[in-house]
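Chemist: Listed here are the chains, written in short residue letters.
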Amino acid sequence: MRGAGALALATGVCLAAGLAPSAALCLTEALDPVAVLRSTLDAAGAAQRRDAPRPERLAAVRTAARRMVDTDAMGTAAIGADVLDAQPAAARAEYLRHFDVLIMRTWMQKLLLFEDPRFEFGRPQPRDGATWVETRIVTDRDSYRLDYEMVLRDGRWWVTDIVVEDLSLVESYRGQITSLLEQRGFDELLALMRRKSDGLRAKDER
Amino acid sequence: MTVRTVAAKDLRLLWRDKGALLFVLLVPIAVVGIVAASLSGGGGDTIHLPVVDDDGGPVARTLIELLGERLRVEEVDRARAEALVGGESRAAAALVLPQHLSKDYLGGRPSRLLLLTDPAKGNELDVIRAYLMIVEREAAALADPFSEELLELEEQSLTGSRISTNSVEQNVPGFSVMFVLMGVLFGLAFAIQDERDQGTVLRLRTAPTRGWQILAGKLLARFLVGVVQLVILLGFGRLVFDLPLGPSPQAFLGAVVAIVFALTGFSLLVTTLARSREQIIPLGLTVVMLVCSVGGCWWPLFMEPVWLQNLAHLAPTAWAMDTLNDLILRDRGLAFLAPKLGVLFAYGAASAAAGARLQRI
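Heads up: the sequence lines are chains H and Y, in that order.
Using my numbering, the first residue of the first sequence is number 1, and each one after it goes up by one.
Using my numbering, the first residue of the second sequence is number 1, and each one after it goes up by one.
I should point out that these hints are in silico values taken from the structure, not numbers from a laboratory.
Check each hint, because a few of them may be wrong.
Said to hold, decoys possible - Pair by pair, the computed Cβ-Cβ distance ranges are:
{"id": "1", "chain 1": "Y", "residue 1": "R109", "chain 2": "H", "residue 2": "A59", "range": "28 to 38 Å"}
{"id": "2", "chain 1": "H", "residue 1": "D187", "chain 2": "Y", "residue 2": "R90", "range": "53 to 63 Å"}
{"id": "3", "chain 1": "H", "residue 1": "D198", "chain 2": "Y", "residue 2": "G235", "range": "49 to 59 Å"}
Here the structure is a predicted model, which is why all the values come from computation and not from measurement.
Note that the Cβ used here is the ideal one computed from N, Cα and C, for glycine as well.
Let the sequences and hints guide you as you build the complete structure.
Modeler: As structure tokens, then:
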């Protein structure tokens, strides 16, 4: 019943988005989180292989990743929904904006370490109310685990956490944000994130 | 007129002595070329860093690329790395990237990189350590999203357009000054000794010639030969090693003339210490070795203790190297060089006057 509802919602979203020519792909991605991952990582890999300056490649990988990474959910989980809700609307928006820059950068840095990455995908596994997809980046000498926590929302699969070699990005951020909140408070956390994300943006533009 | 005549006679004698000509020009060119090439690190101006990649993963690859932007990185196995640093002394250090480095890095776990070192090569080792610190900081910033980059490295040269120098820029001027000093000192000492041995001084004195004129003629001849020799040696460095020769021909020629003038006067003073023909070579060699090594011809003066750097400026070679460093490494013009050129001219004049007074001719 739940699956049928999701299918109906996904079909509606695809049609509403005017994606008739790619409706089949859209539907497949709506039903299968692995398909979402595969197409996104393929697009990121293609962008990475492009013969273009690094800033352009970074931008292309980021565009591809935005199709599936829900950085708002990750940012909220990292700081805690109750803490974030206690902040003014403008501060909440700014926090999520900077968090998006930082976590996308962290994930992309790790992905871009690999030249011409080859991905292997496992079967989706339900765990703790979400779906986990295990992937591996296979190189000539070794393979590296990247697991994706995914949730189906509004007819689309979204990544809400990424675990690289047993290191959860959300948990890693949560540890640092908690420590910073305790030591310096929200305003200073925001100032630090602002400095950091502005610095990264400036570096990308160079 | 007399001075010119004596100088012309000495130049003719030198031209006839093909062996001396060979020593003055070809031998120094060969030695300068060999030394400069052998000390330049085999074709690059970067420091050699053997790297053992036991990880083989993407993090090791990235580290090697980052280091390769600054150092001459060579990937080798562990045994070869130990031989290059320990046995053959061809590298100041070798870096070992451990197994599972990439997995640990990606998983947020610390890794220990091993640096195999030869502490005797202190300067190179310091440079390698500095680059490793920079790379480590960059890597830490990538792994830890909240780490603040409080130290950002920006290189800015305050003394010219370049941010680095190479060994050729030390060795070619240094050895050129040394060979010019040798040529002037030995040439002058033997010429004066020849006049004494052959009794030509007496004959010259029967002519309407004064002792100072004879000396001045000999000094002029040696000075001119020294100027030509230094121009040729530095020109050789320019042609073969792309050695920069300063911002203007005036500055270059001013430096060359002042340096050779100081070396000529100093040589005359030194020749007064030789009481016989047999003393000339050991005395000359001792003085040349001493003032050239301490004076910065063999290594940069800044590598010496401060007290020795100060002491070194009693010798003309230290002033000569200071001047050439300003010209070549710092791209300074004639106006900036003027005070040092003044010191060199004053040094040459004072030592020539003292030498003439002590000379028994």
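Chemist: Run every hint past the structure and note whether it holds.
Modeler: Here is what the structure says about each hint:
1. Y/R109 / H/A59: 28 to 38 Å: 31 Å, holds
2. H/D187 / Y/R90: 53 to 63 Å: 56 Å, holds
3. H/D198 / Y/G235: 49 to 59 Å: Taking Cβ atoms as reference, H/D198 and Y/G235 lie about 52 Å apart, which means the hint holds.
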